[in-house]
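*Asks:* Sequence:
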Amino acid sequence: MDNKQDMLALLRQVRDGSLPPEDALLRLQGAPFEDLGYAKVDFHRAVRQGATEVIYGQSKTPEQIIGILTAMGQRGCRNVLVTRLEADSARQVGQALPLDYHPLPRLGLAFPAPFQGRGHVAVVSGGTSDLPVCEEAALTAQALGSRVTRLYDVGVAGLHRLLHNLPTIQSARCVVAVAGMEGALASVLGGLVDCPVIAVPTSVGYGASFGGLAALLSMLNSCSSGVSVVNIDNGFGAGYLASRINLMEGPPPEEEEKG
1 MDNKQDMLAL LRQVRDGSLP PEDALLRLQG APFEDLGYAK VDFHRAVRQG ATEVIYGQSK
61 TPEQIIGILT AMGQRGCRNV LVTRLEADSA RQVGQALPLD YHPLPRLGLA FPAPFQGRGH
121 VAVVSGGTSD LPVCEEAALT AQALGSRVTR LYDVGVAGLH RLLHNLPTIQ SARCVVAVAG
181 MEGALASVLG GLVDCPVIAV PTSVGYGASF GGLAALLSML NSCSSGVSVV NIDNGFGAGY
241 LASRINLMEG PPPEEEEKG
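Mapped onto the working numbering, the consecutive letters of the sequence shown carry residue numbers 1 to 259.
Derived by calculation from the structure, the hints in this document are not laboratory data.
Once the Cα atoms are required to be at most 20 Å apart in a straight line, the calculated EDC-like pairs of lysine to aspartate or glutamate come out as:
#1 Lys60 - Asp88
#2 Lys60 - Asp100
#3 Lys60 - Glu86
#4 Lys60 - Asp42
Use the sequences and the hints to build the structure in full.
*Replies:* In structure tokens:
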């Protein structure tokens, strides 16, 4: 069983009497992971968490990434995320299997397949320098099935730019606030929206920013309620969590207003 839908279909067959319980048990006992020696590929993550395993590409060889992806592809996995994937590794992986590579966030999408975005996640950046982290968050949320709006370079140094886009931001189910320097964007957004705000500190800034530590501490000490914080430059973590929140049960805000 590779996802929740497959498992539900199997259980319905047992309920309807079209599949003996013994046969269903054999299918459920199918290997939940494959041991490649250098990696144990988790095939049941989609059943447990609703999304297939994500591959962290940094420090892995192209051959290792290809081996993991090949095993996942053979089990029907699609839109598999490969994060922190360098261009040279991406080139080699792309020669071995279908890969949609995005060089700015260093993110690959293996076995790409069409998907329809649901709900609404807004990814908002303080400045253009934050775009690599923003795109990692946005593409992650998209790959997991969320509809994403990108609003870049609307930081607090020119607050009118943010306020101009406020209706779009306020229609989101979850907002990802990406900022370096002093990281004030998250607190401002937290005071303007009624949905969760996921703050992402970036390593953008001069010496006293300490590689993103200043933004991290600022976001952790936010006076706005409803703001949570992920690690420095962790666009993937923010995009994953934002999609989880966005795809929870219930209609999006715009649909609630129509009802």
